[in-house]
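Q: The residues making up each chain are set out below.
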Amino acid sequence: MNGEPVQILDGNTFVVSADNGDIAASETDPSGLFSTDTRFLSHWVLTVDGQRLSALGVDRFQYFQCRFFLVPGVPVQYVDPAVSVVRERAVSQFLNERLIVLNHEQEPTEVAVRLDVGCDFADMFEIRGAVTKRGICESSSEEGRLRFDYRRDNFHRETVISTSVPAQFDGRGFSWSVRLGPQQEWHTDLCVEPIVFEAGERPMTSRRAPDKQTRTTADLRRELDEWVAQAPRLDSDWGTLISTYRRSVVDLAALRYVPLSSPGQGVPAAGLPWFMGIFGRDSILTSLQSLPFFPELAANTMRILGLAQGTKLDDFREEEPGKILREIRYGESAAFQEQPHTPYFGAADSTPLYVVLLDEYERWTGDADLVRRLEPQARAALGWIDEYGDLMRNGYVSYRRRNEQTGVDNQGWKESADSVSYRDGRIPSPLRATCELQGYAYDAKVRGARLARQFWGDPGYAERLEREAADLKTRFDRDFWVQDGGYYALALDADGGQVDALASNMGHLLWSGIVQPHRARQVVEHLMGPRMFSGWGVRTLAVGEGRYNPVGYHVGTVWPFDNSFIAWGLRSYGFKDEAARIAQGMLEAAEFFQGRLPEAFAGYDRELTRYPVQYPTACSPQAWSTGAPLLLLRTMLGLEPLEDRLAADPALPPGVSWIGLLNVPGRWGRVDTFGRRSLNERG
Amino acid sequence: MHSSVEQAEPAEAMSSREAEFIDELRRHRHVGVLETTVGTIRLDILYGDRTDHWLVSVSHGDLHVTFGYGEADCAFQMDETAFRRLADGETVPFAAYLSNEIAVVGRFNLLIVLQQLFHGRPGARDPRRLAERERRHS
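In the order they appear, the protein sequences are chains U and B. The first sequence begins at 1 in the working numbering and counts up one residue at a time. The second sequence begins at 1 in the working numbering and counts up one residue at a time.
In case anyone wonders, no lab produced these hints; they're calculated from the structure. None of these values were measured; they are calculated from a predicted model. Fair warning: there could be bad hints in the mix.
What the hints assert, rightly or not - These stretches of chain U come out as covered by chain B in the derived footprint (C-beta under 8 angstroms, 3 or more residues):
(1) 41-55
(2) 194-203
What the hints assert, rightly or not - Where chain B lies over chain U, by a calculated footprint (3+ residues, C-beta under 8 angstroms):
(3) 336-345
(4) 367-380
(5) 534-548
(6) 582-589
Even for Gly, the Cβ is constructed at its ideal location relative to N, Cα and C.
All chains, full assembly: derive it from the sequences and hints.
A: Pasting the structure below:
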């Protein structure tokens, strides 16, 4: 495979292939047809007269549809191929593929078309290693279909492949002997059906409403058109902003995931293709970013996460009463409890962020009903902050995994094992209270107080939460402020000592409002200074720290989502120009990725590389990177709900004259908002 | 409205694990996070050729448990082994659904309610105590 992998999807059914459309999964090539966290197709290789095909081009025209233009063998310049092939692929629960073979000659010809297929039924957690299944795989052919079957105890998955033009079958694929007249074409339609059986051999799809059991490409097209039509309209003299915004709107549609428990309610999944499922943190943060545009995502996210809120202690799943989950999975490793995702609760940030989202949602939408309905969940979440979240009983939210085998080390957004360190690069013992968690807890209390007073009729509780928030703010400043550095420590360790590396976690503190006003200037100078600001955005870890590495996942790269929240925080402390600088850096970076910001890019100085170097990762688009331009847009326009109207206080980057955002939904109905740079500021 | 046929509980036939679990459920009358949920679930527990039915209605966090068959928004069908595994916390309803140890017939979101009625894995530790021990040893 030479080019980029090609992926298309519908919900959590997706296909990842090479740029010629082939799937040849191996330990180093995690491609395939996936559904419900299982690989239903691991081999799907087309040959013509025994030759593999090469891509002349790929038309990726929708997230659920693409087309491959191919020639047999290696394309040679100045030699016109006698035969070419087009694969038209769409996914809508099934994988549908039309194979078209074209004869370009004036003479008739006969070609042998062969499609090799294979299914390994790998679980999502097996695809990056050798797949060794515990159950039994079998294949059979019948009435024009090839059937692959996997069983382990009662667990049962099946792949059924059919072709419209009869083929010769063997256990490993289809063969057609195709006769083509001069300049004639031939085609066959293939359908691959991934089937998940529930108990009693009932297909899981039968849970969906009858009209939703089979979705066609036309249904998907219509749903996408409706989604785009309801999005606010953006106008500006900044072309990149418009194209990035359009990309984000479409990608957010692709990222909607409808869980079984809540038919018809889409929530933002974390990322394509490997994280198409419910992730507490990712769904909450993406809902926050997209509130001014698609507020229903927030409502769906809160309903679903609230329904599955923790009620008991469970070490394997790291569940605690009141906790909001990290992740749900549907595959074999979850079913047989080899992985803890049923659900897994190993996140210390999703619970306070749940309360933050609930309040922010009400401020935008005025949906008091939902705030009242989710009162028990919000109270339980606030309770968790003070009870199970306060592991060291020192008034700070901290984490320490209890599932030593399959749990996550770091339970904030920077999950990798080396993301929390001292300046000299040492890693603290596993019990940690990272700074941003304290910011989220503070914000949850402040916002919880507003909800208690205005909607739950409990002024006593509101006062208590406010007292606790004020106390937390004072203690936090005393315990986390690094005197000789002039910034907030990344974390406190098990002894209450400062884990003193300078990291972007501090940027979220501004958003949460826990930063003492007299400290804000110093915090901002660090964030926008040369050690942290790369020219594109704020690095996850400052240059000069022991573990700094410009291409280290959480120790030096620049994350668009992280930057969008930092910019929001800068705005709320009055640092408008700095927020606009981040917005500008991010959107200029997006230009290099056709408007689709990656999960992260390298922390090299912008001056050095001139273009943002993408961090190698399989996930694109990623939900919170897709949401980043939306939050940056809100930040540049200075949009804030103010009682029943939408207030705007624009601060545009230099060179941008105007931005108009029309039809912004909210408690005011729909309104238009404009930002203009005055003539004397024009830069 | 759901009709239910209340029957005398089959004291001798019911497994001791079942009796214990139902007792516990009855003691545990209110579940805070279920305050937003209304619905009736039925447990169908298969013992060879006999099936025990339990109806658990959830209304704003209050649980009401009765023995006997009745209409429900969602029925969970399982054999004796699956029931024991759930009651002992060896598995949880969501994992048992994925591995087809239990059949879920009806409103799927009530599976999450069921999940909240069972324990997790036995021997769970309070994370605060664990942290305290670790701090003492460090």
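Q: Are the hints correct? Go through all of them and say.
A: Going down the list of hints, with the structure as the test:
1. 41-55: Per the Cβ count (0), the hint is violated.
2. 194-203: holds (count 5)
3. 336-345: holds (count 4)
4. 367-380: Coverage by chain B holds here, the residue count being 7 at a Cβ distance below 8 angstroms.
5. 534-548: violated (count 0)
6. 582-589: violated (count 0)
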